[in-house]
Amino acid sequence: MRWLLAKDVRILARSRLLLVVLVVYPAAIALLIGFAISRTPSRPRVAIVDETPPGATVAIGSKVVSVHRYAEQLFSQVQAVDVRTRAQALAKVNAAEVLAAVVIPPDIVAKATSGTTQGRLEVVYNGNALEQSLVQAQLSSALAQANLGFSQQIQQAASSAISQLLHGGNASELGAPGYLIGLDQIPPLLARVISHQPRGPDRAALERVAAFADFAATNLNVSRSVLASVGQPVSVSTRLLHGRRTPLDTFAVVVAVSISEMFVCLLLAAGGLALEREEHTLARLVRGLVARETVLAEKAFVAAGCAFAVAFALLAGVGAFVALDWARVWLWLIALAASSLAFGALGVAIGALAREVRASSLLAFLLSLPLAFLALVPSGAVASGLSDVISAISYVFPFKSALQALDAAVNRSAPAIGGSLVHLAVLVLAFGALARVSLRSAD
Amino acid sequence: MSVPAAAEETSAGTLSVRGVSKRYGELVALRDVSFELCAGEVLAIVGPNGAGKTTLLSIVAGTQSATAGSVHANGAAEASRSARAQRAAVGWAPQQAALYSRLTVAENLRLFARLERVADPERAVERMLDQTELRARADDRVGRLSGGNRQRVNVALALLADPPVLALDEPSASLDPAQRERLWEFIKGLARSGHSVIFSSHNMAEVQRHADRVIVLDRGEQLFDGAPAELMRTAGDGDRSEIGQRDLESALVAFVARSEREQGIGE
Chain X
46 MRWLLAKDVR ILARSRLLLV VLVVYPAAIA LLIGFAISRT PSRPRVAIVD ETPPGATVAI
106 GSKVVSVHRY AEQLFSQVQA VDVRTRAQAL AKVNAAEVLA AVVIPPDIVA KATSGTTQGR
166 LEVVYNGNAL EQSLVQAQLS SALAQANLGF SQQIQQAASS AISQLLHGGN ASELGAPGYL
226 IGLDQIPPLL ARVISHQPRG PDRAALERVA AFADFAATNL NVSRSVLASV GQPVSVSTRL
286 LHGRRTPLDT FAVVVAVSIS EMFVCLLLAA GGLALEREEH TLARLVRGLV ARETVLAEKA
346 FVAAGCAFAV AFALLAGVGA FVALDWARVW LWLIALAASS LAFGALGVAI GALAREVRAS
406 SLLAFLLSLP LAFLALVPSG AVASGLSDVI SAISYVFPFK SALQALDAAV NRSAPAIGGS
466 LVHLAVLVLA FGALARVSLR SAD
Chain G
403 MSVPAAAEET SAGTLSVRGV SKRYGELVAL RDVSFELCAG EVLAIVGPNG AGKTTLLSIV
463 AGTQSATAGS VHANGAAEAS RSARAQRAAV GWAPQQAALY SRLTVAENLR LFARLERVAD
523 PERAVERMLD QTELRARADD RVGRLSGGNR QRVNVALALL ADPPVLALDE PSASLDPAQR
583 ERLWEFIKGL ARSGHSVIFS SHNMAEVQRH ADRVIVLDRG EQLFDGAPAE LMRTAGDGDR
643 SEIGQRDLES ALVAFVARSE REQGIGE
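Protein sequences appear in the order of chains X and G. Here the first sequence stands for residues 46 to 488, where the numbers follow this note's numbering. Here the second sequence stands for residues 403 to 669, where the numbers follow this note's numbering.
Just so you know, these hints were derived from the structure itself, not from any lab. Since this is a predicted model, take the numbers as computed values, not measurements. There's no promise every hint is true.
As the list claims (entries may be wrong) - Computed beta-carbon distance windows for the label pairs:
#1 X/411 x G/614: 22 to 28 Å
#2 G/452 x X/431: 46 to 52 Å
#3 G/578 x X/58: 32 to 38 Å
#4 G/467 x X/58: 33 to 39 Å
#5 G/614 x X/63: 33 to 39 Å
#6 G/521 x X/474: 35 to 41 Å
#7 G/427 x X/475: 24 to 30 Å
What the hints assert, rightly or not - Interface residues of chain G toward chain X, partial, derived using beta-carbon atoms under 10 Å:
#8 451
#9 489
#10 501
#11 504
#12 576
#13 586
#14 589
Claimed, not checked - Partner residues are not named here, just some residues of chain X that face chain G (Cβ under 10 Å, in silico):
#15 52
#16 76
#17 77
#18 325
Note that beta-carbon positions come from the ideal geometry of N, C-alpha and C, so glycine has one too.
With the hints as extra help, turn the sequences into a complete structure.
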């Protein structure tokens, strides 16, 4: 096998274009991924028209909430372009200078404080489906955050007013004259007065007033916590059942590395074997010089070796941009080696079936894209029957297991790496057997 | 007819083909072909397209197995003789040159010398470069060679292990007249040194000039086995008007046509 290996390495080294692609490809992809995930996403340009009068505020109890502050919170989520009128904003949207325009109408304060209607913002957007989706998502998020902040300020103001009514104090801001007694101070005060009153209708009336004051103080106290829960009725607590939470950026790295590894390995293994047939050398080799199994293993090893090197270089390159746990590098190597061999076995099976270099390259390419796509479809994102079909397809090809093995090695995610390695080993044998059967009639 | 290899006896000769048949499903590519090839003999396999020439040479070379019958090279009949040794006794040059186009001539020779486990690969390479007059092109990539030179490398690979039998499938098909002449000088030299040569060809002129014997195949049937002159005589026996042309090509056409008429084919 060593002479065949040496021959293939020499042929690879002489294919300058292929060699350049094998060196440049991982470097370029690593740089692209690195820059993509290490830089914050750009904010969409949005024209903002604030038609409210300068210094407009919403007063709740003793607190005053600035409309301008609300707008600032909204602007922080987008790249704001200030314009004076609605017409100017629409012109900018039409001219594609901005992706959208947000109009804060002059009556927003009146409506927000009316207690009967909501303040309403106007959003106008343009662009293609992707841009529309981006703007909608970012503006919805920005509006939700701004509304939440606004709601919290209103809730704090209301809570402060209730506290003053309950416990008393200087309530001149509420329109009360000077120091005001608190509702919770009335029952004990009345109790002392009642104790000096003779039994009769006046005492009975005072006792009814005291009972009401006690009831009102207790319930007003409860209303503060009710207000808090109305402001943010549902909070979320998350818990991961298995493994460690995988940061999206390192998962993206694992996906990119696995796809690159699969492409390189399938194309080299399938093309290498098909080339032996195209040059008619396979028949000479298997004519007692080399066993067919040896030819298949050699092609798979060469392709796996190249794919392994490319994938590791890619991973190491991206490591310059994303924090990876280098203490687990031996697990990366195991995962990459196992997946490279599985891709190599699949590649030689393709090469044995397709027989021609062009056909095998096309088949490898056509197989790679849907395999990667299907493996990345979340199980709950499609109907259960379709999900089962996708799972079955992903199970009989190595991409998903390769992805899971590398994800477990790099990110400590579930499932554990052992199961994926066993699955990859089984696939190596299965595709090796398929390649051997397909090569039976090689001559 | 199938004869078990272990049970038969092989007569003297460098190649013994006995009762070889080959079927591809319902299609019979070869039917009960038998012949012997002596040391130094040059044997031509001729016949129309689809006659089974390449199939027969592939079976002799060991790249295909026979459905029935046996092939023994260099007088080997022992059951203990391995398939690898049988194949090593036959040097094979396929119709389309089986070479690595990105390797040089010398690298191709060196690789196959090592895979053939030749005792001294470097010496074998040097010998073949001299014999095939390819020394000046030794460092040229095969992909940049002319068709004639590629074919010479193809034949050189077949001779690396110095096999006693050489199987050549249409060796001069892609060569110009001068290249063809040089190749035949080379092959005849091998025959003079004791190698047996079996080759297929559509070129009846070169068969007439260079072959000691001719086997005619048609639709997998072995119609004739004898000297070229005998084929011309046999063909002339049945049709005096055609034999008047006195060339092997006309004789072959007449002979095959008559055989098909006798078998009721094509009527």
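Hints, one by one, checked against the model:
no. : hint                      : in the structure
1   : X/411 x G/614: 22 to 28 Å : violated (54 Å)
2   : G/452 x X/431: 46 to 52 Å : holds (50 Å)
3   : G/578 x X/58: 32 to 38 Å  : holds (34 Å)
4   : G/467 x X/58: 33 to 39 Å  : holds (37 Å)
5   : G/614 x X/63: 33 to 39 Å  : violated (49 Å)
6   : G/521 x X/474: 35 to 41 Å : holds (37 Å)
7   : G/427 x X/475: 24 to 30 Å : holds (28 Å)
8   : 451                       : violated (19 Å)
9   : 489                       : holds (4 Å)
10  : 501                       : holds (7 Å)
11  : 504                       : holds (5 Å)
12  : 576                       : violated (13 Å)
13  : 586                       : violated (23 Å)
14  : 589                       : violated (19 Å)
15  : 52                        : holds (5 Å)
16  : 76                        : violated (31 Å)
17  : 77                        : violated (31 Å)
18  : 325                       : holds (4 Å)
Against the hints set out earlier in the document, violations occur for numbers 1, 5, 8, 12, 13, 14, 16, 17.
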